[in-house]
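> Take a look at the letters that make up each chain.
Number of protein chains: 4
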Amino acid sequence: MPEQLLLQEAVDKVRPLLGKGKVAGYIPALANVDPNKIGIAITTVDGTTIGAGDYLEPFSIQSISKVFSLTLALNLYTEEEIWNRVGKEPSGHSFNSLVQVELERGKPRNPFINAGALIIADLLQARLGAPKHRMLEVVRQLSQDPSVTYDKTVADSEFQFSARNASIAYLMKSFGNFDGDVDTVLKSYFHYCSLKMSCADLSRAMFYLANRGKTLAGDEIVTPVQTRQLNALLATSGLYDGAGEFAYRVGMPGKSGVGGGIIAVIPGDMSICVWSPELDINGNSLAGTAMLEHISQQLGRSIFRLFNYY
Amino acid sequence: MPEQLLLQEAVDKVRPLLGKGKVAGYIPALANVDPNKIGIAITTVDGTTIGAGDYLEPFSIQSISKVFSLTLALNLYTEEEIWNRVGKEPSGHSFNSLVQVELERGKPRNPFINAGALIIADLLQARLGAPKHRMLEVVRQLSQDPSVTYDKTVADSEFQFSARNASIAYLMKSFGNFDGDVDTVLKSYFHYCSLKMSCADLSRAMFYLANRGKTLAGDEIVTPVQTRQLNALLATSGLYDGAGEFAYRVGMPGKSGVGGGIIAVIPGDMSICVWSPELDINGNSLAGTAMLEHISQQLGRSIFRLFNYY
Amino acid sequence: MPEQLLLQEAVDKVRPLLGKGKVAGYIPALANVDPNKIGIAITTVDGTTIGAGDYLEPFSIQSISKVFSLTLALNLYTEEEIWNRVGKEPSGHSFNSLVQVELERGKPRNPFINAGALIIADLLQARLGAPKHRMLEVVRQLSQDPSVTYDKTVADSEFQFSARNASIAYLMKSFGNFDGDVDTVLKSYFHYCSLKMSCADLSRAMFYLANRGKTLAGDEIVTPVQTRQLNALLATSGLYDGAGEFAYRVGMPGKSGVGGGIIAVIPGDMSICVWSPELDINGNSLAGTAMLEHISQQLGRSIFRLFNYY
Amino acid sequence: MPEQLLLQEAVDKVRPLLGKGKVAGYIPALANVDPNKIGIAITTVDGTTIGAGDYLEPFSIQSISKVFSLTLALNLYTEEEIWNRVGKEPSGHSFNSLVQVELERGKPRNPFINAGALIIADLLQARLGAPKHRMLEVVRQLSQDPSVTYDKTVADSEFQFSARNASIAYLMKSFGNFDGDVDTVLKSYFHYCSLKMSCADLSRAMFYLANRGKTLAGDEIVTPVQTRQLNALLATSGLYDGAGEFAYRVGMPGKSGVGGGIIAVIPGDMSICVWSPELDINGNSLAGTAMLEHISQQLGRSIFRLFNYY
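Chains as they are written, first to last, in UniProt numbering: chain A, 1 to 310; chain B, 1 to 310; chain C, 1 to 310; chain D, 1 to 310.
The shape of chain A in the complex, shown without the other chains (with noise of 0.2 angstroms):
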């Protein structure tokens, strides 16, 4: 089947499930998107995107900007730099939870769970003289789209409703692992999270983690053996509780928002960006989940001989 049928059919096949899950409402600003948005984009490492349903339309990538946090990172410390202040193990519990803070005396499991991205905006913000602008520089020349922008309103409501985080930060803080003062970074953070980018821009701006750390644009932004690591991670611990049905019904590489995205790479093949705001009870898109399973389905019957990789 051509790719831009599948990506239809993807679309086609999961709008049953508008109206199964729940959009996100801690804010306003994220309450009030439409339930029924759906989109889908793929980038292939031939360099073409292409995509079905609304993924021309830009959404709030919330947490799927840790992947880009952490990127930046990677460019800026070594890896112990990095690996001695956040773990990279599975969670385990609730995306936010604080106990598994306090129990590991201030060290979180991974980068993406809030905690460990809570951290690498705390290496940002001390290594980077303008943070959010630079956040915003990477993430258009990844995307190649110069519209991409911050949601100020978003932000701004994140931050006046940053009291768990905020909590998570000052205990890290007072283990010793957290440096920054803790309302400048939430600011910087919360901004990262407000980043608006449709389908296509994000599985565009993925594309290096498919293509062993190369942009679109042909920078290595991560080395090949960095790409594989980040795409571990993002296997074990991006999809916030739900890592393990994610693996079994999807089997890629991914990382989730509440404003209803996800990304997913297939090593070697392609990035993906799905979107559909309402979530299920671990925080992820639940038709986009769906989508995806499909996607995996279908291309591992018909396209992609090695593509059963597990």
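Derived by calculation from the structure, the hints in this document are not laboratory data.
In silico DSBU-like links for lysine-lysine, alpha-carbon gap of 35 angstroms or less:
no.	chain 1	residue 1	chain 2	residue 2
1	C	Lys107	B	Lys152
2	C	Lys187	B	Lys187
3	C	Lys22	C	Lys187
4	A	Lys196	A	Lys107
5	A	Lys13	B	Lys107
6	D	Lys107	A	Lys107
7	D	Lys196	D	Lys107
8	D	Lys152	A	Lys107
9	C	Lys13	D	Lys107
10	A	Lys152	A	Lys107
11	D	Lys107	A	Lys22
12	C	Lys152	B	Lys107
13	B	Lys20	B	Lys187
14	A	Lys132	A	Lys37
15	B	Lys22	C	Lys107
16	C	Lys132	C	Lys187
17	D	Lys187	A	Lys152
18	C	Lys187	B	Lys152
19	B	Lys20	C	Lys107
20	D	Lys152	A	Lys187
21	C	Lys107	D	Lys22
22	C	Lys107	B	Lys107
23	B	Lys214	B	Lys152
Some chain D residues judged to face chain A by a derived CB distance under 10 angstroms, without partners named:
no.	residue
24	Leu98
25	Val101
26	Ser162
27	Arg164
28	Ala169
29	Met172
30	Val182
The beta-carbon is built from N, C-alpha and C at its ideal position, and this holds for glycine as well.
Assemble chains B, C and D onto chain A, guided by the hints.
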């Protein structure tokens, strides 16, 4: 590099690590193993098994048996019957923790932690007339080695020190998630753990995980989809609390045992087994992990085009 | 007000609360009790016992037996031998939680939660030839009622549903803090719990706690110092997860059971027992607590000069 | 024995314990205190204050201030308003643990752990125009010592190291159980903790707890019932994770601070304050506890007829 040389190189490369880990000491039968043993074997999709070091010497497979148990259960129960009683998520806790089982009301996180494996053993006990006999039969067929047998001394010794596993089983029973007589199921469980197999045996026995569910003898023991699912579970939960690190360094679905063995899979290419009795702090073979890391790096660069799959 | 009237008033005052709690339903033998039963008895330091309501009707004393067990253990072991194996602190967890026992490596917080009481039962088993027989003997002497007996149906029924307690016992055994055979100790433990005694019986039996360790018969079963210590433990840990609230409202050392009984002590003045089968959310008799609160307020104002002791 | 001699004996008796504990070292201002200081003072119900050792030397009262805060809150809010926001139960966790606060969704267990005291500080901030000023006023009146003052160095220093308390406050805010600006409330809270008072001051200031709520000046600062309730809370939750042991050994409602002070109450008889900077593993003054134990034993035998109250 010819594969035979690669295996020998892996053994030679990691031998200096001997002495840096710790042999499992909770029962004498395990504590007395020679800590300097080291072996590796692979079985490639063409059905050839080669090895290096002590790859023909049987050792106690311990938790590696959990892969066989789950595979057997998939032949006796529907998916729903299994996954209603045990989850698919990484545990985020030490492998024999009761905390998670209590907090999640008797449902273990996955079938590869002790609690989950006890559920699987309970399932086998309920549907098999002679589960210990049947397990032996299956393992002998899979490994094509009729001499594989239980180590009664190990099984009995583990039963003597089974208080923690009994505690876990009774806890699940108190939540209505354990049907059988605890002592009976524990005895079966410890027999499975006490299986003595060599690296060659295990790489042959796990061949189906690399071969879309088909055994060396050509039987489909699980479907291709189930194979992908088993590998997904192994990738996220097969290495106790070190699954993230293992994915990061090695990037293969795998399962370890406290006897020092680790099996790993490159789907479509080969099944692997390494053995070295000394363990790291997560309870995984220290030198064994290093051998797999070496293999992963060497193969990634040289033989398999798509092997950088994560 | 004469004491007899006070007791009758307490019963009448709280009767409207009947129907607001919940009878313990985990075994049929307990679930079938008449929820409208209500009684109170006091034994004053002069040795007189008076009561009101159903104060002569035997009921299942359940966890109140933990006071007898600990008292018996104090006669068989040194303080050090006891407190090395069980703590003296409030638990801060639900009364049958394994989490605390695991986090604190097999040492229960105090002798009045299930885990701690199992340790005490284990101690009794180790030093007494016939612990069940001896317990009956002691309780009959203390209550001066030779007709006190075990309820075999309750004891057997609890043993049938003992998975959680078995889990706790095996967990402690896995940490080296449980010596006996788990089933044997559990059977003794459930026998102690199944004792049937009336409010009158219990107020007489607990007399020594109000009388510097001397029983109604004049024997010193514990020393004055031990009496003070027992009362201290009851004051901080006797009411499951409601000890603080009970101290706040009632202000007496006390011990409750899920059969709906509560014993309480005004040292130097009287021992009290109330009974009403319906429980509050902490597992303490709802109307029973209210009767004790009434008594505390009335006595505080009227009879006992120093009764505002805390 | 005359009381003056008793106090001197207590000091002499425990002096050999100096050197066996550890001075609180988390801020320099506390770490630099002379570890050999030791003092005791009592104020009997007739209003007389006597003391021994360094009983006139001011020290940092730290968590003892939580008694004053709660007392002040009882004058500003209804009971319901207070106990809806903070519990009355022993915590069963280390005194500054976030685990409990998270598991119990933002409601601290009692007003004497840090989390609970921060709630009380938040309540004071909301209703008092100048809470720090008012607190000073109250404490000066209660102690009849107009020279009592805050130690700005200590208050500022604690604020510098307040990450963990900030984390707790933000966590409660995330559950909707913290109204004020976190920094503002923390600053007030640390001021209360930084109060410098002598044993004599504190025994006088706590007089109302022994005197049915009436201060030395004759004002009823809390009602007799509230006094009994305060003492009940102190008896079950006043000594961090050592409340059970303290009840067992000393048998008085009490409150400790990491500055090495402990106040204790014999209702109807006297208020007591001991001071010795070295702490035991629970964070309570080691020699201070021993002095109270000595006093308790001596008075129990000799002066107070009914003092074996538990």
